[in-house]
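Please put together the full structure from these sequences, using the hints given.
Per this note's numbering, residue 23 is the first one in the sequence shown, and the count goes up by one each step.
Hint data in this document are derived by calculation from the structure and do not stem from the laboratory.
Mixed in with the good hints, there may be bad ones.
Claimed, not checked - Label pairs and their computed distance ranges (CB to CB):
no., residue 1, residue 2, range
1, Asp632, Ser408, 24 to 34 Å
2, Thr557, Gly340, 54 to 64 Å
3, Gly111, Thr37, 15 to 25 Å
4, Thr211, Asn69, 37 to 47 Å
5, Thr557, Ala499, 12 to 22 Å
6, Thr304, Ser520, 39 to 49 Å
7, Ala425, Ala171, 39 to 49 Å
8, Thr272, Gly313, 51 to 61 Å
9, Ser676, Thr537, 46 to 56 Å
10, Thr304, Ser530, 46 to 56 Å
11, Gly260, Asp49, 50 to 60 Å
Beta carbons are placed, not taken as given, at the ideal position from N, Cα and C, and that holds for glycine.
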Amino acid sequence: MGAASAATYYSKVATGNFSAVGSWTADTTTNPNAAALTTADIFIIRNGHAITLSGNQTIGSVTIRSGATLTIGGNFTLTASSGLTVNTGGNLGIANRNFTMAGNWTNNGTITVTTGRLVYNTFAGQNNGSISFTTGQLTQTTGSLTNGATGAITFTGAGTISFGTGNFTNNNTSDNVDFGLSVITITGTAASQSIGGFTTTGRFSSTKSSGTLTLTGDLNCNGITMNGSGSTLNLGAGLNHTSTGTIILTAGTMNGGSSVLNVNIVSTTAWQGTGTVFTPGTGTINFNAAGNQTLTASGTKTFYNLTFSTSGTKTITGTTVNNVFSLEGTALSSAAPTYGSGATLQYNTNTARTAGAEWLASFVATGGVFITNTGAITANGNKVFSTNAPLGIDNGATLTTGANSFTFNADFINAGIWTNSTGNVIITGGDAQNIGSITTTGTVSMTKTGNTATLTGNINGGAFTMNGASGTLNLGAGLTHTFTGVWTNTNGTLQGGSSALNISGTVSGTAITFTPNTGTVNYTGTSAQSIPAFTYYDLGFSGAGKKTLAGNTAVGDVLTIDPSSELDLSSVTLNLTGGGTPLVNNGIFTSSTSTVNYSSAVPAVITPLDYNNLNATGGARTLSTTDTIGIKGVFTPGAGSYTVINSIVEFNGSGAQTIPAFTFHDLIVSNAGIKLIAASITVSCQTIAVNDAASIEINADGGGKLNLLQ
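Right, dumping it as structure tokens:
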């Protein structure tokens, strides 16, 4: 072609040779062009026309319009300073020829390569259409290839793909790049190189001698080889790769990035070579073949997240997990890995299983053990969770502990199911803890040496032991805890929170500090119970067994005696410091030789019971009108105001009693002995009943006086 000013030419003939002057016209109406073509000319192949490149050609640019075809007729180079464009519906055909593109190219239509080659070396290719190969070759050196959001690249045979030191970008989220049977090998020394996602049934290898190769899309291949001394293969950020072949680690560094690599091959050499070639980053390696897999790489094999899934036994030696070791499906681990300081053992399976060697008897790693799916996990022995090592059961998950004991130095988080067990549970250590719901017929013990364990779920146990010097157990908010065995109080602090504590067994010892908060303690035994002398907020009694106060006791809100239950106050003092009605009796109240103090500074109702000593000193008081208030010992009214309308007070002691200065509504004296009026009293209903062998004596010399109101 001669050197002349650039012109734009359109194809003129249905079939023609690119270099023939007669194949082109300067416009769409004239005859074929007669002038010589120049290296800067622009060529447009029109709809219905087929042009053959039959020699090396240097031009400005070429455009293949919809319905047009450019066929490569030999091993030729097209040098186009402004590039090659295949429009939508246009076709570029390369059969058994080598087509070298010296210039950038864009495909919006179709490129078909059989056994030929598409070579563009240092230039940039953009594919927004379809490129199909059989056993052909796609070659670039430092150039780049971008597969657009609508682009597709397909190999149907064992082609050859060479990216040299250039980048490959795949922006098609449908992952429509399939290299067929091709073996993909990345070589060169580029300091930074990126390869987008693709699929091949061949092997993917990085043999770079320097620099970093970073994957930027999901890789699906038949094995990965890292054999690039001095270079790095980075699996990229947030990707999901799958290998149906072995992973061979020979030289250089393979970095897990933050991606997932699924190793899906049943093999005794699934992960082989030198383990230290792999650096985990924050990625996940998932051995997910449906069968046995072995990690045979020599040296230490360190992972960030390691998953065994699907099925089969995964055999490990010298393996370390720094974050999450997850067992899924029915896959088994031949041994426990070495857990990094913050690692987690996770069971994430829909299939029930008994834990294996991976669940150590003493779990130290601070990530703890978590059960995260619906398959019930059965413990394989007694378990100890060290400081900062929690146990968690997620919503929908189940843990079966059986007769095994569980010792918690850290949190127990239960949003799922702890199957009823028979083993002991020990809450211990010196750190703050939260303990979720547990049901066992074994003993629940608090043996903490410091700080507070707070219950966050209902606890149902056999025996209950408090023996934690300097430790505190808080019963939590709005919960109900029930123990059927002996409650042993040796040491530590128990805080009631706002929960209920039900005790049906005997009580041993009172050597703890009990802080009631706004909680409730219910003694529910069917056999006799001795009630420890604590200060309670709400105190309840139920069950047929007789309850006897073991010492002076205080109740800050309400004491309740349920039907069929009996409370015996023995010879102690019961302090009722709550207002309103602080004592509710629906059962049997036995005062024995006790003293009951209604000591609230706010108004309170005195329940109609048969008291021994009754002390109502404090705020305003109302004498109940529903039944008789009996007093067989000393009545101390105090200075507070009284409402006595329609009430009945009976002094019924077996010996002498002194009736203090007071205004009664109805007054009864009964039983033997003299009832001495030693001060001025008033009976507002004008009636005093003297029953049995009782008598009234008014000590007028001492100020005694009886006033009967009209």
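Would you list, in rising numerical order, the hints stated earlier that this structure does not obey? 1, 7, 8, 9
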